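Residue numbers (the numbering used here), protein chains in the order written: chain A, 1 to 289; chain B, 1 to 361.
Just so you know, these hints were derived from the structure itself, not from any lab. These figures come from a predicted structure and were not determined experimentally. Treat the hints with care, as some may be off.
[Unchecked claim] In silico DSS-like cross-links for lysine-lysine, where the CA-CA straight-line distance does not exceed 25 angstroms:
1) B/131 with B/113
2) B/113 with A/278
3) B/114 with B/178
4) B/114 with A/96
5) A/283 with B/178
[As the list claims (entries may be wrong)] DEER-style ranges, computed between Cβ atoms:
6) B/359 with A/195: 27 to 35 angstroms
7) A/109 with B/137: 37 to 45 angstroms
8) B/39 with A/15: 47 to 55 angstroms
9) A/109 with B/11: 18 to 26 angstroms
Virtual Cβ for every residue (Gly too), placed ideally from N, Cα, C.
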Amino acid sequence: MKASRKHHFQWTLAFFLTPVVLWLFLLIVLPHIDLLFMSFRTKDDSGSMVWSFSNYMLFFKEPIYWLTFVRTVLYSILVTFLTFTIALPVAFYITKVSRPRYQVFLTMLLLLPFWVSELVRVYGWMILLRESGVINHFLMKTGLLDKPIEMLYNDVTMIMGLVYTSMLFMVVPLIGVLENLDDSLIEAAYDLGANMWTILFRIIIPHAVPGIVSGSIVVFMLTLGDYLTPNLMGGKNSLWFTEQIYNQFIASFNWNQGSAFGFLLLALSSLVIWAGLKLTNQKLSKVVK
Amino acid sequence: MQIDLSVLSVTKIFDAFTAVDAVSFEVNQGEFFSILGPSGCGKTTLLRMIAGFTEPTSGAIHIRGEDMSGIAPNKRPVNLIFQHLALFPMMSVEQNIAFGLQRRRENKTDIRKKVRAILERVGLPDYGDRKVDQLSGGQRQRIAIARCLVLNPTVLLLDEPLGALDLKLREQMKVELKKLQAQVGTTFIYITHDQSEALVMSDHVAVMNEGKFEQLDTPQNLYNRPRTPFVARFVGENNAWSGSVHRCGESNVEVRTEEGLVFRTKAEERLQPGQRVDLFLRPEAMLIQPDPGLPGLNRFDVVVDSILFDGANSQLLVTPLKSRRELVVALPQNRQYDYIKAGDKIEIGWDTNSGICFLQR
Ligand SMILES: Nc1ncnc2c1ncn2[C@@H]1O[C@H](COP(=O)(O)OP(=O)(O)OP(=O)(O)O)[C@@H](O)[C@H]1O
Ligand SMILES: [Mg+2]
C-alpha cells in the first residue's frame, strides 16, 4: 500500500515536472550552449571559422566597449540605491503606518502600473515628457516657459524611468521583511532614547537586510539587462551595454561578437554582485532563505 | 517622602470605547507598585500613557512633579519593559544594554564600565558577547531589565514581563525581581493579571477593572479587607454566596443565603433587613470539625465531594446538605484530617469575623 502510494506520487511528480524541465532545457539551456560555442568562434584571415578568444579580447581592447559596461554598471548601482531609498519609506508606510485594511489596497495600487507592459509604460512617460508633450504644453499654457524644452533623451530622465520600472521589485521584498519586524522593537528603541535616524539605521535597516539584498540583486540585474527604457528614454547616446549587444546581433550581424558580449555581461554582473555581497558581509544562502 | 509619579484623573477613549476611566494615583520614590487586573481592563493602555506612547484623552501625568504632556517617550525619565521584552535580535547582549547609554552620548569607557556593572548585578557577568537568541527565557528577562536599569530611570515600567515564562521560572524570577528592586531602589510600576505576583512583590497594589481602579491598598489589606465584591473575587480564592439580610445586630448581621443557610457575619456597611447581599468567605477561614465548645461560630454540615491534594495548598471540595453549591475548604496538612474520605459527612464552622458582606448593586 505504502509502496504503491510512493510510486503513484513519483508518477505525478514526473507528470508535472516534465513540461517544466523540457521548457527549461529547450528554451533556455540549449540556446545558451549554442551561443556559448558561437562566442568562441571567429573568422580568420581566410574567412573560415576558427576557435579563438578574440571576441572576448575585443571587449577589453576597445575602450568604448568596456567604458560602456562600466558606465552601465555604475548607473545600475545608482538606480538600485535610488530605488531602495524611495522603496523603504513606501514599504514602511504600507506595513507599519497605514491601517491594516488599507494595506492590501495600497499594495494593489503599487502593482497597478505593472499590469501594462514596460513598452506601454515607457511610451506613457514619453507622452508626458517629450517636446510636444503634456508637461511642456502645461508649462507653456501657464506661462512658466515660453519655448518647449526637451526633457527626454538625457541621463536624468533615463534614470528616473529605470527607477520607476524597478520600484516594485524592491518594495515587495521590503514589505516582506518589514511585516515581520516586531513593532515593539521600534518602540523599545524609542523608549531607550533613540531618535528616528538611530531607529532607522540600528533597528529597521539591520532587520531588513535580507529583503534589501534580494531586492537589490533583482533590481540591479533587471536594470543592467534592460534594453527598452535606456534606449527609448535615454536616446541614442544613452550608451547602455545591452545596446552594444543588440548592435552586434542586429546591426552588424556579428552573432559571435554579440554572444561574447552577452556572456561577458552575465559573468561581469555576477562578479559585481559577488563583490557587493562580500563587501557588505552577506551570504547569498541567508538572503534566499 | 518624594512622589515619583502622579497620575491625575487620566482617561483614554478609543473611538467610543473607554479603556482607562479617570484613574488617579501616586507612587512614592523607591516603591514597588503593581496594577492588577483581568485581561483587557486597560493596564497596558495606562502604562503606555505613562511611557508616552499614547496621549491621554484627558488628565495629566507628572513625573517628579514635572508635567509630561507633549514629551516624547525618548525624552521621558521612564523606561518600559515590554510584554515580550523586545530585545534587539540584531545586537549582542552588550550592545543591547549599551544602546540607551550611546543615545546619551556617554563616553566609551564609561559605557563599558556601566554595562559590566549591570551585567554583574543581574547575575550574568560573562554573557556580554552572546546573541539574544542564545539566551534562555529567564536570562532574556534579566537582560531586558538590565537594559532599562542601566539608564537609571526615575520610574521603571514593567508590562507583564513574566508572562512568557513557565511556572517554576516565574516563581523564581518573582523573588529575584523583588530583591533586585530592593537593591537598586528604583521605583517599579508592575502590571500583571496574576494576583500572586502582585501580592508577593508589591508595596502597594491597585486592582483595576474595566478601566477603573477598584481598590488601591497594601497586599495584606487587599486580601483581608477587600472593599468591593470584584476585589473579593479577584484577589485570592473566595467562596461566595448571595442572599438577603435577615436580621441586623449592632456590628453584625444575619444573612440567609439562597440555599437557606443562615450565617451571622460582620458587615462592611450599614445594612437594612431584606436587602440583597453577597457574602464572601476564604477557604482557610473554614474550620473542619471545630471543637463543640468554641463559641461564636457559624456551623453547618457538609458532604465531602473530593479531596484535592496539593501539598500545602490541599483543599476539600464540599457541598452543604440541602444545597448544590460546591465550597472550597483549605485542608491543613498536619495529618489531623487524614481520616476524611470522599463521601463523609463533616461539620464546618467559621468565625463570624471572617466573612465579608457587600450590598448587591
Ligand atoms: N489602539 C487601540 N484602539 C482601540 N482599542 C484599543 C486600542 N488599544 C487597546 N484597546 C482596547 O482597550 C482595552 C484595554 O486594552 P489593554 O491593552 O490596555 O488591556 P490589558 O489590560 O493590557 O490586557 P492584557 O492583560 O490582555 O494585556 C481593550 O479592550 C482593547 O481592545
Ligand atoms: Mg497588556
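Hints broken by the structure, by number, lowest first?
-> 2, 4, 5, 6 and 9
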